[in-house]
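**Student:** Each chain, written out:
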Amino acid sequence: MPRAGGPIDLFRELEELSRRGSLEKSVDDVQKAIDMLVSARANIESSMSPLPYLQPISNLPSGPANATMTLARLQTPLKKSFDSINEDLTEVHRANSSFTKAVDRKLDKPLSTTSTDAVTAHPSLINRAIAMHLLRAGQFGVASTFIGEANASPPVPTTAPNTPNPYMQQAWEQDFAEGTLKSESLQRQFSEMYYILHGLREARNLSPAIEWARGNSRILEARGSNLEFELCMMQFICLFSEDNPIEGAGPLRAWAYARSSFPVFSSRYTREINQLMGALAFWENIPDSPYAQLFTNDTAWENVATSFTREFCSLLGLSAESPLFLATTAGAVALPVLDKYLKITKEKKTEWTSIGELPVETPLPPAYHFHSIFVCPVSKEQATDMDPPMMMPCGHVICKQSLETYSKGARFKCPYCPSESHPRDAKRIYL
Amino acid sequence: MAEFHAAALNPNSHLILDQSLLRLPTEILKKNNKTAQTLVSVEQHHVLKSLSSAAKVCVETPDASTAQAAALSALDTNIANLTLLKSKLSALQSSNANVHSSTHARLTHLAELQNIPSLADVKYDEWSRVRLDRLLVDYLLRQGYIESARQLATSKSILPLVSVEIDAFEACGRIEKSLRSGRLTEALVWCSDNKKELRKLNSCLEGELRFQQYIELVRSGEWRKLGEATVYARKHLAGGNDAEFAIRAAGLLAFTSDTSAEPYRALYSSDRYTTLATLFLQTYQTLYSLPEVPLLSTTLSAGLSALKTPACHSNTTPSIGSNPGASAHNPSQHPQNPHRNRTTHSNNPNVFTPSATATASVNPSSSSTTGPPASTTSASLLLTHSLCPICSTELNELARGVPRAHHLKSHVDADLVVLPNGRVYGRRRLEEANRALVGSGGEEEGSGGGGRDGNGGAEGDGWVRDPMDLGRRWKWSEVKKVYIS
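Protein sequence lines, in the order shown, are assigned to chains C and R.
The opening position of the first sequence corresponds to residue 7 in the working numbering, with each subsequent residue numbered one higher.
The opening position of the second sequence corresponds to residue 159 in the working numbering, with each subsequent residue numbered one higher.
Excised from the complex, chain C in its bound form (with noise of 0.2 Å):
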């Protein structure tokens, strides 16, 4: 259901505008004006005709008397057509006023300026998250354009002060950084990135992921990730539900499969590999085993997908997600409070004297939570590197300066429970 007072609303009034804001009357009018000045010429021409002949019949005088006489009755015609012409645009202008009137009461007053200074000095920094956005995205051809035009036309640097010159972790970093955008190597290994996931998403053909994953193999594992065994198990299943005409039925296959691969895996995933095995005695029918579950899952391709892409990027040094669609999509969720806010204090010509952090709460939604944040419960600041989280020995959190503050240096009770401890026995913890 549509909500009331929303933009949908427009669509009658643009209807209206694309009816009479056109310029197709004015340009008709014109041609009438032309009309009548050829008629005019045709008329003069054929008075001074040699060939009386061809005269026209009429009472008209001929001769330089009929030429003057033409233009001279042109004049009032003439003037008629320039103003419906004049007419016909005040009538586009109108309309197109009323448009514009229209789009102002459905939108709020335009964003007051924020301070994006922290921002926009760093235009080679903003240029190499969007060449690596483009590139994560597998934009590749958008994405060498874009590096060949900021190469020829670098933007201008304007470092700040107060802003340390970045840590420079990988050679096409500094690159970007330096405005000489060189972004072979990343592109290489997204368009490999690109390649296994169409083997994945379209063609169902896991060998190169496998082969990625096999090659990466000790990474992936100090990591934590079972990438690698569900790619293989995967490849198992479908070995198994698809018999081959020239290398035999599926579950065979899937048998001898597992005889040369699983046995890598073998202390990892005991369980795991003995449910597999355990599938191969239904094979006959598989639908009504315990197993049908393992077997029939529409959603395996696409879940390995994202966990292949999500260790992908990780091995490159970067997430998942394009970090500046999450950044922007956190923006524009957090503009209109901003926005809000900004145009409060304007009014009231107070000034946003918080340093270092915003001076209203920005909700996000909860998936764009990615780190814990701790507000120290006694005086409502977060917890910092400079402030940091202490535990007291009942279990109990506050900042380091509320427990200075508030122990004075001595034993004193929790601020939430009847503990009392010491102020050396709170222990720094780290979340």
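Misleading hints may appear alongside valid ones.
Claimed, not checked - Straight line, CA to CA, 27 Å or less: simulated DSS-like cross-link-like pairs of lysine-lysine:
| hint | chain 1 | residue 1 | chain 2 | residue 2 |
| --- | --- | --- | --- | --- |
| 1 | C | Lys-31 | R | Lys-188 |
| 2 | R | Lys-246 | R | Lys-353 |
| 3 | R | Lys-207 | C | Lys-107 |
| 4 | C | Lys-31 | R | Lys-207 |
| 5 | R | Lys-244 | C | Lys-31 |
| 6 | R | Lys-189 | C | Lys-86 |
| 7 | R | Lys-639 | C | Lys-38 |
The hints are simulated quantities; they were obtained by calculation from the structure and are not laboratory data.
Keep in mind the model is a prediction, meaning the values are calculated, not measured.
We have chain C; now place chain R onto it with these hints.
**Tutor:** Structure of chain R alone, referenced to chain C:
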């Protein structure tokens, strides 16, 4: 409840970013109509006047054929002029029609938001991706990366949502580029096309352009050109009432282009063209009521702040930027953290190495554990902060300068527990992480016979490891509950 509220979507206030989507089209329509009105009124004046004077000529000319020829030629000229007017108006009309259909596409895009109930909805995700593409196109256009913008719009099939902008910025970019390469003609033509609006804005653009033209005339240093320059100055520059400006202009005549005397050296400098190009850009954007700052920057800045937590630039939280991939390129750049990485992965440098030692000295804890856990190798994928955009390679530096989010309440996992080293996790998350870590490359597990079951995550007799610091392990019984209010 707060979270429920946070996920609610208010389409109206949400449109704050999308205003230019509807405002620019109306500006273009307004501008087109003004152009049309000017064209018509100029032509009206011209046609009527030329015809009446032709009529006068006819009357006064005794010779019939000469008179008629004069009449015919006057008509021909006017027919040609009107035909030109007609084609100009047709061009404006096709621009109008484009704007109308583009506006329709925009309204449709905005209307989609009405049917998305929540920010957590998958459809909102898709919608937001389109918006990001739109913001990117806008940003690219503003930076003058027109071709990139066009390609992005085409490949994401969002042309109707950005075509008006592309056209506007393309026209703008052409003039800007011509200025940067030292040509003034295009910009001056644009100024005369928009004379009225510029006057309303009190713009100094045209004056500056004229002054530059004068400078070019003087630069040559030839006597003939200097005379021309003086005439030019009288015609175009004398109108201004800025006396100092006039004096500088006159003074320029006395200095050759290789002078080192200020301000004349600066006036002769080619940097002035860059200044002019920037001035032109600003004027253009004001004229079309485009926001000064690209919307992407505004959004990004708000988003970075809203997402930023003290942990994002903290020394004690390992960033996901510090993952193994870093070593693939240039391992020698990153000194290994000697006392941590040794235990697990020699190929996994800790890029925030200096911080590991820095925090050790900051740590006030009197507990028996050895310093704060700041390490990288982990099953950190199980922890949400590996997805944090502020901690990402792409945005971490950019976010350094922005203020962080304001929070009134703690946001932590349910059922928190603390490890002896001071790290706090939600119990379930810690259990899951430890389940996944079993059998991974730690030394103990290599020889330990337990395998999956022996080291299982369940509380009790098994071992527990810190997913962010795999070097040590404790008994689950050493894990204590934490209470956060």
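**Student:** Indicate, hint by hint, whether the structure satisfies it.
**Tutor:** Cross-check of the supplied hints:
A distance of roughly 17 Å separates the Cα atoms of C:Lys-31 and R:Lys-188; the hinted pair therefore holds under the 27 Å criterion. Note on R:Lys-246 and R:Lys-353: the hinted pairing holds, with a Cα-Cα distance of about 19 Å set against a maximum of 27 Å. A threshold of 27 Å between alpha carbons decides the hint, and for R:Lys-207 with C:Lys-107 the separation of about 38 Å lies outside it, so the pair is violated. Distance check on the hinted pair: C:Lys-31 and R:Lys-207 sit about 24 Å apart at the alpha-carbon level, within 27 Å; holds.
For the hint pairing R:Lys-244 with C:Lys-31, the CA-to-CA distance comes to about 11 Å; that is within 27 Å, so the pair holds. Simply put, R:Lys-189 and C:Lys-86 have alpha-carbon atoms about 25 Å apart, close enough for the 27 Å limit, and the pair holds. For the hint linking R:Lys-639 to C:Lys-38, the alpha-carbon distance of about 89 Å lies beyond 27 Å, and the restraint is violated.
Comparing the model with each earlier hint shows violations of hints 3 and 7; every other hint is respected.
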